[in-house]
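Enquirer: Here's the letter readout for the chains.
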Amino acid sequence: MHGLCVYLFIFVVLHSHLFLCMANFIFKTNKLTYYRSSTAVFRLTQQQCTSLITIGTPHSSPADALVDQTRGLLREVAETPSCSPQALVDLGIDVTCVGSSGVAGSFFSTNVEELVAASSYLPLMGKLSADMKGDGIVPLDLAFMEPPAKRVVVEECSITGAPVRHAHVVPTPWNLIDGFAPSWKLPEDFVSYVSEGVLPQWSKYIR
Amino acid sequence: MPRTFSFLILALLHGANAFQSAFQGVGRPVATLFSTTTAGTDTVVETPTTTTASTTSTATSTTPKNKKVSVLLCPAQFCVPQDYQELFENLRNTRAKDNDDLPEIGTCRVAELPRTEWIKVARQLPTRNFFDATLNAKQTLDWYFAGMEKALSEIYAEQGTDASVCIIGHSIGGWVARAYLGGLGVYVLFCIIFVKE
Chain E
646 MHGLCVYLFI FVVLHSHLFL CMANFIFKTN KLTYYRSSTA VFRLTQQQCT SLITIGTPHS
706 SPADALVDQT RGLLREVAET PSCSPQALVD LGIDVTCVGS SGVAGSFFST NVEELVAASS
766 YLPLMGKLSA DMKGDGIVPL DLAFMEPPAK RVVVEECSIT GAPVRHAHVV PTPWNLIDGF
826 APSWKLPEDF VSYVSEGVLP QWSKYIR
Chain Z
374 MPRTFSFLIL ALLHGANAFQ SAFQGVGRPV ATLFSTTTAG TDTVVETPTT TTASTTSTAT
434 STTPKNKKVS VLLCPAQFCV PQDYQELFEN LRNTRAKDND DLPEIGTCRV AELPRTEWIK
494 VARQLPTRNF FDATLNAKQT LDWYFAGMEK ALSEIYAEQG TDASVCIIGH SIGGWVARAY
554 LGGLGVYVLF CIIFVKE
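Those sequence lines, one after another, are chains E and Z.
Residue numbers for the first sequence follow the numbering used here, beginning at 646 and rising by one.
Residue numbers for the second sequence follow the numbering used here, beginning at 374 and rising by one.
Just so you know, the hints here were simulated from the structure itself, not pulled from any lab data.
Treat the hints with care, as some may be off.
Pair by pair, the computed Cβ-Cβ distance ranges are [to be verified]: (1) Z/GLN450 with E/VAL757: 35 to 41 Å; (2) Z/GLU527 with E/VAL815: 23 to 29 Å; (3) Z/GLN512 with E/PHE753: 25 to 31 Å; (4) Z/ASP535 with E/GLY824: 51 to 57 Å; (5) Z/LEU498 with E/ILE804: 39 to 45 Å; (6) Z/ARG465 with E/LEU831: 20 to 26 Å.
Since the structure is predicted, the reported quantities are computational estimates derived from the model, not experimental observations.
Glycine included, C-beta positions come from ideal geometry on N, C-alpha and C.
Could you build the full structure based on these sequences and the hints that come with them?
Expert: Following this line, the structure appears as structure tokens:
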């Protein structure tokens, strides 16, 4: 397949000038040129990116999930060979996935966080077990890519001992008047991946 | 005549797609294109008291203390750049305190996406692909990739094109970054310009 693509690429490169000369002759233009765009930054980034760290990211959509919330996007990424952790590592990119085991999900609880977590874990996983944990939104089981990506589990804040949650803000999608207005900040004791006592646990994987 | 011209454009665009597919394999050893992952699972459980967790990962590498790394942050859904200033601040503080594991932090940027950009996903709502759950990242998230490229351009403008870049993806931003690095977000577009005198 790749051989065919390379062949087609060479064919087009060799013949594109011919196409242009033909068009030049047909349309009687004096100058005819073409530009290739959108790839310079991409190519440079593939060379210069030294590490990819995902925090609280779902990396797979199980077949028995109640609903595919990404409507196939996540599956496309997960199944594309060039997006695999092995392919990224081969490009020289150090891949680390960070997940939290701080919040259990349960529908039989008076704790609002556990109720919210359960209502998030259940549709993503298609099931809910008593020991299922995550960051309150993304279950731990989905937060990792396969090796050689590194898996890092953060449990609690090193300063307060509070469990690590998914985010430190509540987005405000209804505020369309000011698209750059900051989201609602959660209280300081609401610890997330970006908090002072949690960040050092994964920032050492920055390469 | 216009039909001939259209054919030429289509031929070039088709060729561009082939180029992109081919390009995804370029730069990697041929053997790796067909390789399968056989490494074992390696999970590091970080605890507040375990700041130097051991790992047996083959991908682990040390970071030179004098290395400088810029950071691109890919935000979560509906989050905006200002939401991540706390992260950048804590990152610089961590580096300033003691952390020898952390390289010097260069330019930090968030993919510049106002929350209004997320409305563009709605373009896919009335499509068959949406109902079949077969959406295409390139078509659906082109605006996100553009935001990433804008921020990356700013990093390279400030730090030079030899700058090392770490991409941090929060929530959905993690797999979008993965898609971008894997080439799912790139259009190779040939534009033909006529100048008639």
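Enquirer: Indicate, hint by hint, whether the structure satisfies it.
Expert: Hints, one by one, checked against the model:
1. In this structure the supplied range 35 to 41 Å is violated for Z/GLN450 paired with E/VAL757, their Cβ-Cβ distance being about 21 Å.
2. Between Z/GLU527 and E/VAL815 the C-beta distance comes to about 28 Å, which sits within the given range of 23 to 29 Å.
3. Z/GLN512 and E/PHE753 have their C-beta atoms about 42 Å apart, which leaves the hinted 25 to 31 Å range violated.
4. Taking 51 to 57 Å as the suggested C-beta distance range, the pair Z/ASP535 and E/GLY824 does not conform, at roughly 34 Å.
5. At roughly 44 Å, the beta carbons of Z/LEU498 and E/ILE804 sit within the given window of 39 to 45 Å.
6. The beta-carbon spacing between Z/ARG465 and E/LEU831, approximately 22 Å, falls within the hinted interval of 20 to 26 Å.
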